[in-house]
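Could you put the whole structure together from the sequences, leaning on the hints where they help?
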Amino acid sequence: MSSKFIQEAFQRHPRPQWPTKAALLKDTWQKQDEKKNQTTSQQLPLQQCNPWTTLAKLGELVQAGKSYTVGLQCNRVIMVRQTKKEVGEALLEKTKLLQHRNLHSIEAIFQEQGSIFFQLEHLRFTLEEILNVHISLEEHQIRNLEECVWQTLDLTPNVDLQQLGCVLLQCMNGRPSNMLQDPNFVREQRQQSKFFGLEHGETWSSCKLLVDFLDDLLNEAKPALSKLDRPHQYVSGPLDPSILLPFIELVPLECFALWRPAVNV
1 MSSKFIQEAF QRHPRPQWPT KAALLKDTWQ KQDEKKNQTT SQQLPLQQCN
51 PWTTLAKLGE LVQAGKSYTV GLQCNRVIMV RQTKKEVGEA LLEKTKLLQH
101 RNLHSIEAIF QEQGSIFFQL EHLRFTLEEI LNVHISLEEH QIRNLEECVW
151 QTLDLTPNVD LQQLGCVLLQ CMNGRPSNML QDPNFVREQR QQSKFFGLEH
201 GETWSSCKLL VDFLDDLLNE AKPALSKLDR PHQYVSGPLD PSILLPFIEL
251 VPLECFALWR PAVNV
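Under my numbering, the first residue of the sequence shown is numbered 1, with each subsequent residue one higher.
Simulated from the structure, these hints should not be mistaken for lab results. Zero decoy hints are in this set.
Derived DSBU-like pairs: lysine-lysine, alpha-carbon spacing no greater than 30 Å straight-line:
#  : residue 1 : residue 2
1  : Lys227    : Lys208
2  : Lys222    : Lys194
3  : Lys66     : Lys94
4  : Lys85     : Lys57
5  : Lys84     : Lys94
6  : Lys222    : Lys208
7  : Lys194    : Lys208
8  : Lys227    : Lys194
9  : Lys85     : Lys66
10 : Lys57     : Lys84
11 : Lys94     : Lys227
12 : Lys222    : Lys94
13 : Lys84     : Lys66
14 : Lys57     : Lys94
Predicted model only: the values in this text are computed from it and were never measured.
Here it is, written out as structure tokens:
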């Protein structure tokens, strides 16, 4: 057999080229740049006219310790929150990075006599109030809730993922807890083998995959990009949207007590 036939029979194939870390993160960086451009171009200007002159007051709504005036304006129900100038300016800086269709957006801003007024779309309850329905959830319901939240995430800081872990722990706890809202406290309890500081942590000891997922969320050393680009096995399974329906139906009953109608309607 000639050398020509041998070369044709045993052709040398090119070696596979593995993508570099920069190439893998290129799409993620592009998304970050696009999001920054969107937030800088969507800043709301201050209004010159006083919104109170065209607002028919309906009542007061208290959410997460903050008071909102609910009223009727141009055949729409809106909410207005009054803050001090310093607090309002700090809130504006935060909202520049929160332009997302699933987040409560500011529709208009007005400044008068050292105060800043924020006009928002009418929303009867907050995410915290929805999740703090006073019924203990089971492990498969916690998983379904986390999968729903994970589908809405695109780019988010690591601290937000840690706070998400704290929200899930409060759902597992069955009621709100100021201590469980602190990621540092939760990590300390985990290191002391106290199961994240839950009141009845022993009931969750058999949920190994859930525990591993919470450890991953609360891990400060692991970047948020790594958590989002390679989702944990706990949130990559099939989704059953019917699991949480009974709890969602109870939300209006839980939040109805927060509504105080105005006396002089």
